[in-house]
Every structure is written in C-alpha cells, then in structure tokens.
Amino acid sequence: MKGASKHVIVAGGGVAGMEAAGSLAEMGYRVTLIEKGQDPGGHLLQWHALFPDRRPAEEVRGYLRKRLNHENISVITSTVVEKIRHHGHDVIVNLSGGTEERADAVIVATGFDLFDAHRKEEYGYGIYDNVITAAELEEMFSMGKVAKADGTLPSRVGFVHCVGSRDEKVSNNHCSKVCCVTAVKQAIEVRKMLPACEVFCFYMDMRMYGPYYEELYRESQEVHNINYIRGKVSEASVNISNRLVIKVEDTLAGRPLKMEVDLMVLMVGMEMSKQGAGLAVASGLETGVNRFLETGDHHYGNNVSRMKGVFYAGTCTAPMNITDTISHARAAVTETVRYLNGR
Amino acid sequence: MKPEGKKRIWAEYQKEIPDDHFFYVRSCIRQTFFAGSEQVFLKIMRDDLGKDIFEDPRHTTCTGIGYHGDVVPFETIQTVVARHFSLATEAGYKNIAISCVTSFGIYTEILETWKHFPETLERTREDLLKATGRTFDVPETISHASDIIYKFRDEIARKARFNLSDISTGKPLKVVEHIGCHYSKMFPKYGVGGAEFPHVLIGMVESWGGDIIDYPERRHCCGFGFRQYLIQANRGYSLSASRKKFESMEPYRPDFIIANCPGCSMFMDRWQYTINEIDGITYGADGQGIPVLTYEEVAGLVLGYDPWELGLQYHNVQSLPLLKRMGIRVDPAKRFLAKDGSRLPEPVGLMNE
Numbered sequence: 001m002k003g004a005s006k007h008v009i010v011a012g013g014g015v016a017g018m019e020a021a022g023s024l025a026e027m028g029y030r031v032t033l034i035e036k037g038q039d040p041g042g043h044l045l046q047w048h049a050l051f052p053d054r055r056p057a058e059e060v061r062g063y064l065r066k067r068l069n070h071e072n073i074s075v076i077t078s079t080v081v082e083k084i085r086h087h088g089h090d091v092i093v094n095l096s097g098g099t100e101e102r103a104d105a106v107i108v109a110t111g112f113d114l115f116d117a118h119r120k121e122e123y124g125y126g127i128y129d130n131v132i133t134a135a136e137l138e139e140m141f142s143m144g145k146v147a148k149a150d151g152t153l154p155s156r157v158g159f160v161h162c163v164g165s166r167d168e169k170v171s172n173n174h175c176s177k178v179c180c181v182t183a184v185k186q187a188i189e190v191r192k193m194l195p196a197c198e199v200f201c202f203y204m205d206m207r208m209y210g211p212y213y214e215e216l217y218r219e220s221q222e223v224h225n226i227n228y229i230r231g232k233v234s235e236a237s238v239n240i241s242n243r244l245v246i247k248v249e250d251t252l253a254g255r256p257l258k259m260e261v262d263l264m265v266l267m268v269g270m271e272m273s274k275q276g277a278g279l280a281v282a283s284g285l286e287t288g289v290n291r292f293l294e295t296g297d298h299h300y301g302n303n304v305s306r307m308k309g310v311f312y313a314g315t316c317t318a319p320m321n322i323t324d325t326i327s328h329a330r331a332a333v334t335e336t337v338r339y340l341n342g343r
Numbered sequence: 001m002k003p004e005g006k007k008r009i010w011a012e013y014q015k016e017i018p019d020d021h022f023f024y025v026r027s028c029i030r031q032t033f034f035a036g037s038e039q040v041f042l043k044i045m046r047d048d049l050g051k052d053i054f055e056d057p058r059h060t061t062c063t064g065i066g067y068h069g070d071v072v073p074f075e076t077i078q079t080v081v082a083r084h085f086s087l088a089t090e091a092g093y094k095n096i097a098i099s100c101v102t103s104f105g106i107y108t109e110i111l112e113t114w115k116h117f118p119e120t121l122e123r124t125r126e127d128l129l130k131a132t133g134r135t136f137d138v139p140e141t142i143s144h145a146s147d148i149i150y151k152f153r154d155e156i157a158r159k160a161r162f163n164l165s166d167i168s169t170g171k172p173l174k175v176v177e178h179i180g181c182h183y184s185k186m187f188p189k190y191g192v193g194g195a196e197f198p199h200v201l202i203g204m205v206e207s208w209g210g211d212i213i214d215y216p217e218r219r220h221c222c223g224f225g226f227r228q229y230l231i232q233a234n235r236g237y238s239l240s241a242s243r244k245k246f247e248s249m250e251p252y253r254p255d256f257i258i259a260n261c262p263g264c265s266m267f268m269d270r271w272q273y274t275i276n277e278i279d280g281i282t283y284g285a286d287g288q289g290i291p292v293l294t295y296e297e298v299a300g301l302v303l304g305y306d307p308w309e310l311g312l313q314y315h316n317v318q319s320l321p322l323l324k325r326m327g328i329r330v331d332p333a334k335r336f337l338a339k340d341g342s343r344l345p346e347p348v349g350l351m352n353e
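One line per chain: the protein sequences are A and B, in this order. No gaps in the numbering here: position 339 of the first sequence is 339 in my numbering, and each next residue is one more. No gaps in the numbering here: position 225 of the second sequence is 225 in my numbering, and each next residue is one more.
Be careful, since some hints might not be right.
Stated by the list, open to error - Pairwise CB distance ranges, derived in the manner of DEER restraints: (1) Pro256/A to Gly349/B: 30 to 38 Å; (2) Phe54/B to Gly254/A: 47 to 55 Å; (3) Thr120/B to Gln46/A: 29 to 37 Å; (4) Glu122/A to Arg253/B: 51 to 59 Å; (5) Ser234/A to His21/B: 38 to 46 Å; (6) Gly288/A to Arg227/B: 37 to 45 Å; (7) Gly69/B to Arg306/A: 51 to 59 Å.
To be verified - Some chain A residues judged to face chain B by a derived CB distance under 7 Å, without partners named: (8) Gly126; (9) Ile127; (10) Glu214; (11) Ile240; (12) Ser283; (13) Glu286.
What the hints contain is simulated information worked out from the structure, not anything from laboratory work. Here the structure is a predicted model, which means the values were calculated and not measured. Yeah, the Cβ is synthetic: ideal placement off N, Cα and C, and Gly gets one too.
Bound-form chain B, shown alone (with noise of 0.2 Å):
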C-alpha cells in the first residue's frame, strides 16, 4: 500500500466546506433511531466551535425514501426540497448542512439537473409558488454534516479528552470506515477524497489517533438500499450485503465502524444482532459484535461527551468493551435514565452485554 497514492486522488477531490453559518436539515431515520447524533452535532457544532447553525421546525422529510421507493415522483422531491431551500432564504442562509446521506445524495441530484436542465429549475419554481406561494435562492454550498466536522476535526483533536487508542497497549484503535453510496458514488466531486477512496471518516479517524483498515469489501454498500429492504420479500439481499462485508472486514479484527450514513449505521448494527440470532455468527473480536459508531458519536466520545447523552446503549452492539479501551467510564446507573429522572425504556437482545 502506497499511502501517497490515496493522498495524491484526496488533494483532486477537494470541495469547498464553508466555515460559519449553516442551514440544518436532518434525517428522518437518524431522529428515529439516533437521534442523540444529531442532537450531539448541533452541540459541538455550538457549544464546542462556536458556530451559527439554524434549523427551522417546518422543515419536512426530503421524501427521499419514497424516492428512492418508486412512490413519490422527481417533480415532487424537488418541490420539496426547493421549499427547504425556500426555508433557508427566508432565514437568510446559503449554506446548507444536511444530516443524512440518501438527503445529501438527492440535494446534489437536483442541483446537477437544474444545472444541466435549467427548465427543470424554472418548472420547481412555478411548482413550489404555485403550492406553497414561496420563493427561493440556490444555495451557494452544499454540505453534507460529515464534510463539516471533517473540516473541523483538527479542531476537535485539539478539545479532545480522549483519542481513538487502546489506553491499555497505547496502539490506535482499528477503524472500518464506511460511506454511504449516496454520498459520492453519484457525483464524486461533491464528497471529501471522491467516490473510489473518501477520506471523509479517514480524515476524523487519523486526527483522532486511529488507524483505518483498508478491506477488500471497503467500498460494498450496507445492503439497505431501499427496495432490498423496504421491500419484505427482497430482505436476504440486505442481509447478504452486509454479511459480505463483515466477512471482509472480520480478519481486521476491527474494534469499531465509523459511518455518515443513517440507513448503513442502521443495518450494520441491526443486521449484526440478526446474523447472530440465525446463525450464532459474530464477528468481533472475542466473539463480540463490532460497534457501528455515527461520527457525531465518534467526535462526542472524543471530545468527553456522555456515551448515554449519545445514544450509544439503543445500538444493538453495545460500545462498552470499546468505552473501557478508550479509558471511558460510564455510570451504569444512569444508562437508561432520562434527563427529568423518569426511567426510558429498555431494549432486549443487545449484544456485547
């Protein structure tokens, strides 16, 4: 491996991630099944950087899993999402921050279409006023949430209570990074390194004090991919996909998996405890399932955030092992207590208990 060689594709595939005043969209599937990421984002992104980030409550789901399912139409997804930009104008934003990949994916598949058919702008213009009355600028940036705290990680490295190494040895920790497909794979100049070799997560994850492991399947999607999965009947492809990569990945011994997308952070984690309930299979080290960590999570861990606040104890692998390399305690007391004292439901069937 020729680490210059992957340098020399990262400096070609360089986008422009503004510094200050975002426009936040989030993710349905991220508020559902993580949502202490998305809440930990809009913290650092505040409280830790000092950044402005606006995030308004009108703003609806992109509609891109209807999309995505054949059921909700292009003309309509861009409507909708020509009111969020609508949104965003009227906050006096042109910097958009978006939470989930498949969102990201179909932002930059609007904006290439109106760039190359300008009618089609013209046609989501008329579309949106006449539905809604409301106007609206493109925005100047597009970014995904991933993009800006890769573009802030060096900042975060210098905050950091803890890194990405085993306290006990001192070695990095071994890192799989995987990339939505919706992030780059479409148009690789919109995503930090392109399509064939991101270095969005790689970037965090080195300036974070981890190594990333390169493995065969690195570039292999999850398998949720809407019809294999919203579709009951096409589920085994799903499974198989992602199957496929943890045997990749397994020999690695990897102590964790880093993502930016909600339906891969999902299914890596979901699909573990399935494997293992069908065929008694884990793929961890010391027959322990591996950790799927959204980098929100990952960048709250380091910075000292409570791995509760985080959300960590609704992954159906549970982070524990990988808390006490890092050298982070938690209260047990406290795993599944609300912030008002009242007791939060708790899940069953987790593994690494």
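Chain A with its partners taken away, still in its complex shape (with noise of 0.2 Å):
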C-alpha cells in the first residue's frame, strides 16, 4: 500500500487526533497516538450529550474508538510531547519521561484547555457551592441528577455566557463559539430533567453560527421557556440562606438586575492547552495573538505550521465544535500526505 512505510506522529488523542490517526491508518500510513491522558477522547470523555441534536456523546466517541482499533495505530498514553524538531528528512519527538520518536511528519492535535473559571473571581467559582463550570453540569447530566451542593433540586438556574472568552481581562478577546449552543443545550437539558426550574441565560450575544443551532435557540424559547438576558453578570455572592445573589446588567431594558438563582453555570470558554503552549514554546512553533498555534495561511494553509513536516489540527489552532474539528483533521491529513508523497 502506498506510504505503508511511513510513519506519522499524532501529538495529542481528542478528537482530531482520533480522526487524524484513522484516516491516516486507513490510508495505510504506520501511526503512533501519544495523548497525555490514560485513554484517547479528550473533552468528549466528559461529554453527556451533543448539540445541536443532543445525541449521546458516547455515539461519536464509539465512532473515534473503531476510528482507532487499526493495525497501522500505536497508542502511547500518560505521555506528553514535549518538543518537535525537523532533522534532515525526519521529524524528532520528544517525549515526556525522556524518550525520542522519529517520524516522517507530526500532527499536533494539542486540543483546547477550558478557561479556569477561578480567574473570574467575581463569580465565586471555589468559593460559592453552588457556582458550577458547564463541563461540571454535564457531568450531573451524565450522573441524571441535576442538584445544589446538598443534594436538593435548583428550582432556579443561571447560565452565563463568555466566561473567559470575549473578555479583555483575562486576555481572551476571542469568541470560543460553541459556549453559547452550549448554553441553549443545557438549558433545554435542565427544563427537561426539572420541569419546575426556571433557567435563565445571560449572554452578549447568541452566536448561533452553525447548521440547527438558531433552530435549537427558537426551541429553547418557544417550546421549554428559556428566558434570555443580554447583559454581563457583574458579581455573585451569597445571602443568609445560602442561595446566590446574582448582579446583571439588562442592556436591553437598560437598567440593572439583582436576581437570586440556586445554581449558576459558568459557560467556561476554550484557552490554548498548557500542554500546546509548553510545546510551541519549546519547538519555535508561532502562537498568535489568541496564543493559539497560528497557521502557515488564515484562508488556503490552516493546517500548515511554518515548521516542515509539521501540520496542525483541531483546536490547537482555534476554538471550534466538533463537526468543525473532524473536518479540520481530515484536512491536516490531506495536507500531511501532500507533504509525504511529494518529498
């Protein structure tokens, strides 16, 4: 099979680097996944469920688990990539725990780290009991109960967009654009699990960008009753019975909110990764101003780094959703097998 001799390190095991490693494999290329964790998955492993259609999360991983149960497919996991350097016609790794791998190309397929909710100090993420991350309210999705720190049930529920995106504090100007769908799912997901919840998001705008989530957004509306409020949640706190005293300010209405809910979700954004960001640094590779990798080409080289040999896919380079990031590593194997057959 053409190129079965060559070898292409996927540096990281989410979801583009699943895809990547199949497609690769499937094209007859020797693979070796390296993911930092104890399994490939990444974010998704902690998934419950999926917008816009809200399928179980478990139907796209089982999909990037046979992606990977090849014979072309190593997996080294609890490793870390920690530096990429091209040398004649190789690319060399090094790996955490002191060891090198040489490949033909490289794939790093870094992922995203969410925003640490704890940087907005003003929301209480900590400190309060029941101020909770989306990626946390997913998990009591996954557990099918959706509860207050002691057990009992939110009658009310806060969602509050941009948490740590679009936000010039913590230096994260970009949009991570799935929080806000994110936030539609959710909320559907808490009205229909507690009937009796009011859920309330608070957004600066609906960025309903892709295929089915403005329809999502309607339905969220029409048929479950989510009341939406454009306005920034400026501070939370707790009153006598312990239950939050959220401050907004509704830009529509023009005046200030002072409002008291059981439960305040943070729709935390996407960062570059710790573990991307070490890498870049130690390689030469470019971040850009998000400190995102930043790509050889915005519009034709999205998955070219300006190192040779090196390509880029998924959300290492942006945030993006996961319809977005398969199609992205798909294309960083387009681009890394142009590279291969025409050395």
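Starting from the two chains in their separate frames, assemble the complex, guided by the hints.
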C-alpha cells in the first residue's frame, strides 16, 4: 500500500487526533498516537450529550474509538509530546520520560483547555457552593441528577455566557464559538429534567453560527420557556439562606438587575492548552495573539505550520466544534499526505 | 461557602508591606472626623509595636477630594503628591504609609501612570522643581495604614487585653467588613487579598477573635462617591447606596462594621442616623444602630485603649452596647472631658444612647 512505510506521529488523542490517526491508518500510514491522559477521547470523555441534536456523546466516542482500532495505529498514553524538531527528512519528537520518536511527519492535535473559572473572581467559583462550570453540569447530566451542593433540586438556574471568552480582562479577546449553543442545549436539558425549574441565560450575543443552532435557540424559547437576558453578570454572592445573589446589567431594558438563583453555570470558554503552549515554546512553533498555534495561512494553509513536516489539527489552532474539528483533522491528513508524497 | 477558595485568592494577592521606617501621610476627613484613629495608629506603631513612623508638618492634603470632584487637574495632583515624596526623600524614608483610602488610590494611580507613561514622571519632576525647587525619589513601597495593621495583626493579638467576642456567651462577634473602593478596586495588586475578596480587614478580625459576615452587598460602595455627596442634589444616591448595604447586612445581625476608608466610616455612621430620622428604621439588633469603627479603633479596643481616647463618643452610632459585650468598661464622667480637664462639646442625636 502506498505510504505503508511512512510513519506519522499524532500529538494528542482528542477528537482531532483520533480522527487524524484513523484517516492516516486507513490510507496505509503507520501512526503513533500520543495521548497525555490515560485514555484517548479528550474533553469528549466528560460530555453527556452533544448539540445541536442532543445525541449521546457516546455515539461520537464510539465512532472515534473504532477509528483507532486499526493495526497501523499504536497508542501511547500518559505521555506528553514535549518538543518537535525537524532533522534532515525526519521529524524528531521528544516525549515526557526522556524518550525520542522519529517520524516522517507530525500532526499536532494538542487541543484546548477549558478556561479556569477561578480567574473570574467576581463569580465566586471555588468559593460559593453552587457556582459550577458547564463541564460540571455535563457530569451531572451523566449522573442523571442536577442538584445543588446539598443534594436538593434547584428551582432557578442561571447560565453565564462568555466566561473567559471575549474578555480583555483575562486576555482572551476571542470567541470560543461553542459556549452559546452549549448553554442553549444545557438549558433545555435542565428544563427537561426539572420541568418546574426556571432557567435564565445571561448573554452578550447569541452566536448561533452552525447548522440547526438557530432552530435549537428558537425551540429553547418557544417550547422550553428559557429566558434570555442580554447582559453580563457582574458579581455573585450568597445571602443568609446560602442562595446565590447575582447582579446583572440588563442591556435591553437598560437597567441593573438583581436576582437569586440556586445554581449558576459558568459557560467556560476555550484556551490554548498548557501542553500545546509548552510544546510551541520548546519547538519554536509560532502562536497568534490569541495564544493558539499560528497557521501558515488563515485561508488556504490552516493546517500547515511553519516547520517542515509539522501539521495542525483541531482546536490547537482555534476554538471549534466537534463537526469542524473532525473536518479540520481530515484536512490536516490531506496536507500531511501531500507533503509525504512530494518529499 | 468554601473557605479554601478565598484562601487561594488571598495567596495570589500578597503585597510587600515593609517591617519598619514609614513616612506617614494623614487624611483630611479622618483628621476632622476620626482624629483619634490617626493618633492611636501612631501610638500603636510607636508604643505597642516599636516602629519608626515619621510625619512632616509640612505635608498637605493630597487634593483627592478636589481631583475626584473635577476641580483639580491630574497634573496638579501629581505635583502635590510629588511634593509629599520630596518630603519623604528629604527625611530619608522610602516607605509611604497612607491614612486615607482616597489618597492611597491616588498614589497608586499616579505610580501606575508614571510606570506606564514615563514622560508624565519627567513632566511632574519639572513641575515640582519649577514650583518649589524640590526634587524627589519615587518611594520603594506604598502601604495603606490598614496594610500595616494587617501585617502586625498577630502581634497585636498577642498583646490583646480584649478580643472580639461576647463575654457573656463566649461566641465571636459578628463583623461586617467594608473596604473603600479606592483601596483595591482600581488596582487589585495593591490590595491585600485583591479586589473581589480583600483580606486586609478579614485578617484583622479573625486574628482578634471575630467572625466575618459575607453578605450580598459586601462589595457595594458606601455611597460617598465624591460627586454623589459633594453635589447636594446627588446626595440621595449616596444615602440609597448605604441603605442598600444596611438592608443586605441586617439579617445577619452584625455587632459592628469595620472599615478602612474615611468616607465609608463617616457615611455608614452618619447615614444610619439620617435614615433613622427620616424613616425611623434601625438596622442593628434590638432596635439599635450598628456601630461603625475604623480598623485603628478596633485595634485600639483590642489593645485596651480608652474608648474615649479613641474618639468613639463622637460617632453618630454609639458603641456602648458593643463595649459591654466585649467586657470593656468606660468611665461616663470622662466621656466629654479633655485631657486638660476642660469640657468637650457634646453632640446631640446620638444613636444607641
């Protein structure tokens, strides 16, 4: 098979890395997938259901696991790619633990980190019992129960959009793209699980950019009675009943708003992963002002790095949803194969 | 509530507070309304803690009230502050200790401006030289006086004659802490504990045996707001801001409020009287007002200073019930007696009498 002797290392075993590895293996390349966690899967491992159709995340996880189940793929877990350098025709990869791997090409798929909600001190994450992140709510969905810290059911839930995104104060000017639609999806799920619970979303803009997102947003209002208030939450505190008190500027009504909620969900955005950032510094890979990896060209070289033989897949380059991540990974494979064939 | 979450934030906002040798700059409002606080601060520093703290009688207002009232330009206030630095330089001090939170905010604003726009520092040097013939060194450290008491809070606790507990029940007193907006909301890094959960007063209260109340309007401004109060037509804003805080803290039945800002101490004290006069409402337990104390007054009480020496008799909301709870005895005969034996003026309309 063409290219069977060629070896590609994929750095990162999330959605992009798994898809890239599967595509390359299918085309006959020998692939080593290096994953920092105990199992491949990335952030998807923590997710219960996906937007816009609320399909079980397990279906996509199952698809990706099948992609990895190929004789041409070796998976190394609990290992981090620390440095990449080009040497002659080879790309040399330094791994945690001090070992080296040689490859003909490398696809970097180190993904993203969720924004650390502690940094938005005004929301009291890590201080107030019932301030949680979207990822933690997703775990509650997986457990089958949305509840407050004391185990009782919430009667009012607030979703705070753009936590760590479009926020100059935390040096993140970028939009994380998926948080709006995630909030809509999660708000619907809360209403379905707890029909008596009121749900409010506090947003800057509703960025419903993907197919069927707008429809989901409309359904959330018409069918599920989700309330949307345009304005950022400025601070959270608790009252004597340990209920959260939030202050919001309602920018459509043009007035401040104070409201009590039982649970506040922070829609944490995406940031360049610490692993990816470390790899970029050690390897001399360029990063953009948003701190994600800078690609060769924003329009027609979006999978290409400025180091020979090194390609990018997925959210190490910018926030994107699963659909786009899979497409981006396939495009990275196309660029990699073109490079290997032309060597 | 997870205390470890607050401790994590406090660990991120620790500032350098020197151990000794301070140049002290006073506060216009405090010299007028809480003169005892500044006096007892100097006494605690010199007599109880054995520190070197110097003040120069040539030091003036920082003009902060005029600056925030839009009548003093930024260039002018920079030159005034530069003159204070010049006095400190002349006396050989590199650590500034600031009594007033407004001044503290101004000093930090000016230092940050000079750091980010070095040409403004050079311009200020020229302005000061032309106006006074003086030169100055930029100080090495800027501390608010509450930072310094915070630093030595455990030493004060070791010397304490009273603690912040109710002697009849043994339970800690419930304390509302109020931080002046200009302490750390502009530049969180200059405040102990940052802007959202400042630790400066909490640290004192906990070291001295009290419990802190975390109530919904904890961060809210007291309402002074300069233009809100200085322009008579705006005073309703000032009053309503304080009222919002009182209503929010009332369910917790606080024993007293501790503040580190002259405006906050004054308005949270005086507005309780005003609200009581207008609506007949009080916010403390048993139909009483909530005493508002400066951190120096609280430190002074803990160390056993005479409440009349601290000046507590000149607060609108009197502290006698609180003093009784703490087991502090006072001599009513000396309440309005000056040290030379003459009678001091007696205010009327006091609360908690």
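Which numbered hints does this structure break?
Result: hints 3, 4, 10, 12, 13 break, sorted rising.
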